[in-house]
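A.B. asks: Protein chains in written order, with this note's numbering: chain A, 590 to 699; chain B, 335 to 445.
Just so you know, the hints here were simulated from the structure itself, not pulled from any lab data.
A portion of the hints provided could be inaccurate.
Stated by the list, open to error - A few chain A residues that don't get close to chain B, going by computed Cβ distances all over 12 Å:
1. Asn615
2. Gly617
3. Lys629
4. Lys633
5. Ile634
6. Lys641
7. Pro650
8. Asp659
9. Glu671
10. Val677
11. Ala681
12. Ser683
13. Gln684
What the hints assert, rightly or not - Below, simulated DSS-like cross-link-like pairs (lysine-lysine); rule was C-alpha separation at most 30 Å, straight line:
14. A:Lys660 / B:Lys432
15. B:Lys437 / A:Lys608
16. B:Lys437 / A:Lys598
17. B:Lys432 / A:Lys625
18. B:Lys403 / B:Lys360
19. A:Lys656 / A:Lys611
20. A:Lys633 / A:Lys598
21. A:Lys633 / B:Lys403
22. B:Lys390 / A:Lys633
23. A:Lys625 / B:Lys437
24. A:Lys660 / A:Lys608
25. A:Lys641 / B:Lys432
26. A:Lys633 / B:Lys437
27. A:Lys629 / A:Lys608
28. A:Lys608 / B:Lys432
29. B:Lys403 / A:Lys660
30. A:Lys611 / A:Lys629
31. A:Lys660 / B:Lys404
32. A:Lys630 / B:Lys360
33. A:Lys656 / B:Lys404
34. B:Lys390 / A:Lys630
35. A:Lys625 / B:Lys404
36. B:Lys360 / A:Lys633
37. A:Lys633 / A:Lys660
Model, not experiment: these values are computed from the prediction.
Glycine included, C-beta positions come from ideal geometry on N, C-alpha and C.
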Amino acid sequence: DTAVSQTPKYLVTQMGNDKSIKCEQNLGHDTMYWYKQDSKKFLKIMFSYNNKELIINETVPNRFSPKSPDKAHLNLHINSLELGDSAVYFCASSQALEQYFGPGTRLTVT
Amino acid sequence: SQQGEEDPQALSIQEGENATMNCSYKTSINNLQWYRQNSGRGLVHLILIRSNEREKHSGRLRVTLDTSKKSSSLLITASRAADTASYFCATDNGANSKLTFGKGITLSVRP
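Looking at chain B on its own, in the form it has when it is part of the complex (with noise of 0.2 Å):
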């Protein structure tokens, strides 16, 4: 069954402005991991939290997990048009690396 939601399910900003997307789970989780898919290719791992964490940091991007809301957001500074792309949150419950994935965001920065 679907863990992760994320919303907006789409957004479109300009070439510098800052992206931020959001996701929901239901169950407890062991860590929650962002992917980045751009279009016709495969997913990338951006960024990994774990559950004892509440903030991390990755170049231009920043990930904040709340499990009391089991809600996660990543942030994306700065964006670039190279930026566009699909972004999943997916959520690892500790059972076989089994990751349950989101439906997605569609990213869209404008030049």
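This is chain A alone, in the form it adopts within the complex (with noise of 0.2 Å):
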């Protein structure tokens, strides 16, 4: 059973569409993250979540905008979707320091 879990796992779209990423965890952890990738591995930190409250929020363009219908889940809704935001999209969750991260989904903006 997958532990960290998100879909779509590609999504390819046009610039100025609006799209949603969505994650679950049944490890029961109370923390939850998106993280971006880019193209040379980067990995940067967007948003936190801690049973459902917005703990991180790095500086991120307001088109983003996470969602966290209950601690198992931390969704990603982005709008106007720009040729900059191709990347490869990570949800994780934490209970403890060590994070667990889900397979990734590869956006890619044309």
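Assemble the dimeric complex from its two separately framed chains, guided by the hints.
C.D. replies: What follows is the structure, given as structure tokens:
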């Protein structure tokens, strides 16, 4: 059983569209994260939620809006997609110090 | 801002050899973690070392931490082809469990 799952795995869309990526964890963790990994593999934190409350909100355009309906889910909605949003987006969760990552969603904006 | 900087950026070794990867960081930390990422996959946690620890072992992994030099090293002994992956160090300064990742090291182990 997958611990941290994301859907979709691949997402190809045109500039200006709005899209969502979903994340679910079945580990019972209180904290969830969204990261963006660029083409050079640089990984940067975007958001973090602890028990449905936003605790980390990095310098991310407000076109990106996370939503946590419950502590097992953290979704990422992106409005007005731009070419520069193309990247791999990873969801992660943690209860202690180590983080558990999902398989990633490769977003390509054309 | 980026915290960890790994070196070398790429490392190619023969199976059976040891691989040493280094990470330097800039600010004080609560702990430092190493992660592995296989191609097309998510990151997997390997080992964590706290700021008051100097060395830690886990199987074929050995990690050291020198807080005076703000650096860490990850040693993989008796490498295997399956160790081929990207390796990242990540620092935790204790604020909201936020991890700051380095750029990663690409390790290739030739069979």
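A.B. asks: Give a verdict on every hint.
C.D. replies: Evaluated hints:
{"no.": "1", "hint": "Asn615", "verdict": "holds (15 Å)"}
{"no.": "2", "hint": "Gly617", "verdict": "holds (16 Å)"}
{"no.": "3", "hint": "Lys629", "verdict": "violated (7 Å)"}
{"no.": "4", "hint": "Lys633", "verdict": "violated (7 Å)"}
{"no.": "5", "hint": "Ile634", "verdict": "violated (6 Å)"}
{"no.": "6", "hint": "Lys641", "verdict": "holds (15 Å)"}
{"no.": "7", "hint": "Pro650", "verdict": "holds (18 Å)"}
{"no.": "8", "hint": "Asp659", "verdict": "holds (19 Å)"}
{"no.": "9", "hint": "Glu671", "verdict": "holds (22 Å)"}
{"no.": "10", "hint": "Val677", "verdict": "violated (9 Å)"}
{"no.": "11", "hint": "Ala681", "verdict": "violated (8 Å)"}
{"no.": "12", "hint": "Ser683", "verdict": "violated (6 Å)"}
{"no.": "13", "hint": "Gln684", "verdict": "violated (10 Å)"}
{"no.": "14", "hint": "A:Lys660 / B:Lys432", "verdict": "holds (18 Å)"}
{"no.": "15", "hint": "B:Lys437 / A:Lys608", "verdict": "holds (28 Å)"}
{"no.": "16", "hint": "B:Lys437 / A:Lys598", "verdict": "holds (23 Å)"}
{"no.": "17", "hint": "B:Lys432 / A:Lys625", "verdict": "holds (14 Å)"}
{"no.": "18", "hint": "B:Lys403 / B:Lys360", "verdict": "holds (9 Å)"}
{"no.": "19", "hint": "A:Lys656 / A:Lys611", "verdict": "holds (10 Å)"}
{"no.": "20", "hint": "A:Lys633 / A:Lys598", "verdict": "holds (19 Å)"}
{"no.": "21", "hint": "A:Lys633 / B:Lys403", "verdict": "holds (24 Å)"}
{"no.": "22", "hint": "B:Lys390 / A:Lys633", "verdict": "holds (26 Å)"}
{"no.": "23", "hint": "A:Lys625 / B:Lys437", "verdict": "holds (13 Å)"}
{"no.": "24", "hint": "A:Lys660 / A:Lys608", "verdict": "holds (22 Å)"}
{"no.": "25", "hint": "A:Lys641 / B:Lys432", "verdict": "holds (16 Å)"}
{"no.": "26", "hint": "A:Lys633 / B:Lys437", "verdict": "holds (10 Å)"}
{"no.": "27", "hint": "A:Lys629 / A:Lys608", "verdict": "holds (23 Å)"}
{"no.": "28", "hint": "A:Lys608 / B:Lys432", "verdict": "holds (26 Å)"}
{"no.": "29", "hint": "B:Lys403 / A:Lys660", "verdict": "violated (39 Å)"}
{"no.": "30", "hint": "A:Lys611 / A:Lys629", "verdict": "holds (24 Å)"}
{"no.": "31", "hint": "A:Lys660 / B:Lys404", "verdict": "violated (35 Å)"}
{"no.": "32", "hint": "A:Lys630 / B:Lys360", "verdict": "holds (20 Å)"}
{"no.": "33", "hint": "A:Lys656 / B:Lys404", "verdict": "violated (36 Å)"}
{"no.": "34", "hint": "B:Lys390 / A:Lys630", "verdict": "holds (27 Å)"}
{"no.": "35", "hint": "A:Lys625 / B:Lys404", "verdict": "holds (26 Å)"}
{"no.": "36", "hint": "B:Lys360 / A:Lys633", "verdict": "holds (16 Å)"}
{"no.": "37", "hint": "A:Lys633 / A:Lys660", "verdict": "holds (22 Å)"}
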